[in-house]
Amino acid sequence: MIEAIDLRRTYRTTTGVVRRKPLEVEAVRGISFSVEQGELFGLLGPNGAGKTTTIKMLITLLLPTSGQAKVLGHDVVEDAREIRRRIGYVFGGDRGLYERLSAYDNLRYFAELYGVSGKAQRLRIDEVLELVGLKGREGERVEGFSRGMRQRLHIARGILHDPEVVFLDEPTIGVDPVGARELRETIGDLIAAGKTVLLTTHYMFEADALCDRIAVIAKGQIVGEGTPEQLKDNVTGGRVTEIEVFGVDDPTVARLRGIHGVTSVLVEDRDQAQLLVVQTSGEREVTAPLLAELGELEVGRVSSREPTLEDAYVSLVTAE
Amino acid sequence: MRTSARVFWTGFALHFKNLSASPFMMMTAAVWPLVYATLAFLMFRATDQAPSLLYAALGAAVMGIWSTTATSAGGAIQQQRWWGVLELLVAAPTRLILVLAPVTVAISGIGVYSIVSTLLWGRLLFGVPIQIEHLLLFAVSIPVAVLSIGLLGLVLASTFVLYRSASSLSQALEYPIWTITGMLIPLSLLPGWIGPIAWVLAPTWGMEAVRNSALGGDVLKPLLLCIGLSLAYTVLSMLLLHHFERLARERATLSLT
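For the record, the sequence lines run as chains A and B. Heads up, the first sequence is in my numbering, so the first residue is 1 and it goes up one at a time. Heads up, the second sequence is in my numbering, so the first residue is 321 and it goes up one at a time.
A hint or two may mislead.
Under the rule of at most 20 Å between Cα atoms (straight-line distance), these lysine to any residue pairs were calculated in the SDA-like manner [stated by the list, open to error]:
hint : chain 1 : residue 1 : chain 2 : residue 2
1    : A       : K119      : B       : A333
2    : A       : K232      : A       : R305
3    : A       : K21       : B       : R571
4    : A       : K119      : B       : W329
5    : A       : K119      : B       : F328
6    : B       : K337      : A       : S102
7    : B       : K337      : A       : R305
8    : B       : K337      : A       : G148
9    : A       : K119      : B       : T330
10   : A       : K119      : B       : A325
11   : B       : K337      : A       : E99
12   : A       : K21       : B       : A572
13   : B       : K337      : A       : R141
14   : A       : K135      : A       : G148
15   : B       : K337      : A       : E143
16   : A       : K70       : B       : R566
17   : B       : K337      : A       : V142
18   : A       : K119      : A       : G148
Stretch-level coverage of chain B by chain A, calculated; a stretch enters the list once three of its residues show a Cβ under 8 Å from a Cβ in chain A [claimed, not checked]:
hint : segment
19   : 332-342
20   : 413-425
Quick partial rundown of chain B residues pointing at chain A, CB under 8 Å, derived from the structure [as the list claims (entries may be wrong)]:
hint : residue
21   : R326
22   : V327
23   : W403
24   : L408
25   : V410
26   : A492
27   : L493
28   : E494
29   : D538
30   : K541
31   : A572
Think of the hints as simulated: they come from the structure by calculation, not from any bench. Predicted model only: the values in this text are computed from it and were never measured. All C-beta atoms in this analysis are idealised placements derived from N, C-alpha and C, irrespective of residue type, glycine included.
Work the whole structure out from these sequences, hints included.
Here is the structure:
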């Protein structure tokens, strides 16, 4: 249903105010993956990893710099109109709706743009409002909607024309936990209805809960791919040591990364302290060498635990 | 063809409704032209050689329509971009011209409020007699003039899909266009070299059709020329949009980021 082969995208911009210098930013650097019919495939990665750029190339809003991508057998460069007819696109956030108009007016307009007209239009709008739980609120202006309601309206808009493939770009971003859970249920309903879904997210638990397969993307490249279980397997057997420390600097962190058996070191700021999350391969005990490298620095709580799926994700996206 | 007309009409109705809900747009459309009208009435009153006050009222009204279009057509595309809707509109399978033409025509359509407010202003404050010679032709000329101004706005707006800061270009064209299309000053008073430029601008003929239907004179010729040029603008916009959409996909200018 979706196929990307060595997909690349470079943005050209400029720096400076008076003397402008051209600058090239490689947002996507040779991505390849495929999504089968009825599958929920997740593109998981941190902000700026290239997820949205990838999805925008697949939905024909951006031209790839090189490589090839096909959706439903059609080339994203040459057959844009045919692809647009058969896919749905939903993105997260507050924008993308006519605020001063009602939810019904918004849906009616997009139904028209997607060729759903006449009697079918009213029936279909009722159906999607029911699906996303907005039935009875369609006459209200969108400006009065909560973020969760807007997001559900986005999904309703994206599936109005009953597309075969739905692209969801961070649909739960900024939505409260209850709203996000309801949205995830709605996404589950799409799969139950036989849709193929490509979801981008930077929430590990969301990808874990929803996706059949996940591709972890970092710095424009896929750094890991498989089922959530396969990704978890990559880190089983290792250990995670967490050390609370005060005033650690970059050279010290670099030395910690050089310790034999250490696979990644993540620094999280905690008020005046920092939390070092150190992953190691195998069962090797590294607490002593780690503390030795920290030397005279003040050290707080030290603990060791089994790695989680989130650690697997962090390990993949922070690997050099 | 029927589907295209339906998409256009639905889009027009939605954008007209959306714009009518904006206090700023209503202010621009209904109050701004009153300034033009007041200046025109005072100028025309001051000389014996000036055309009638109804001539000035109609000119000021159409100036209001053009001003709304010039200042807002570019802004409207930028606003769709700000609202995050532009990408969704482009991602739809409908041809871009059927998506954007209703936006610019709805903006010029909002200018119709300026006709009502200007004529009322003239009647109540300056005693301008509202006597229309050919009521039916006047009723046809108004929507044709509005449509032609909206489609001229579309030609300009086509570039805004590609260039994020191009809206300032259309604002810069506000005064020159209403000067050389004879909205306020008769074209015969302007230098001869302006003539050919005025002839390729549909609002010139739209203005003439509106005036002649109200004050008397040939309506059919300017009306047909206005329709013909509007069709040409539509074709030009289609070509521009096809080209600029591809460039926008290449240069990533559809979104803000």
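message: Flag every earlier hint the structure violates by its number, smallest first.
response: Hint check: 7, 8, 18, 26, 27, 28, 29, 30 fail, others pass.
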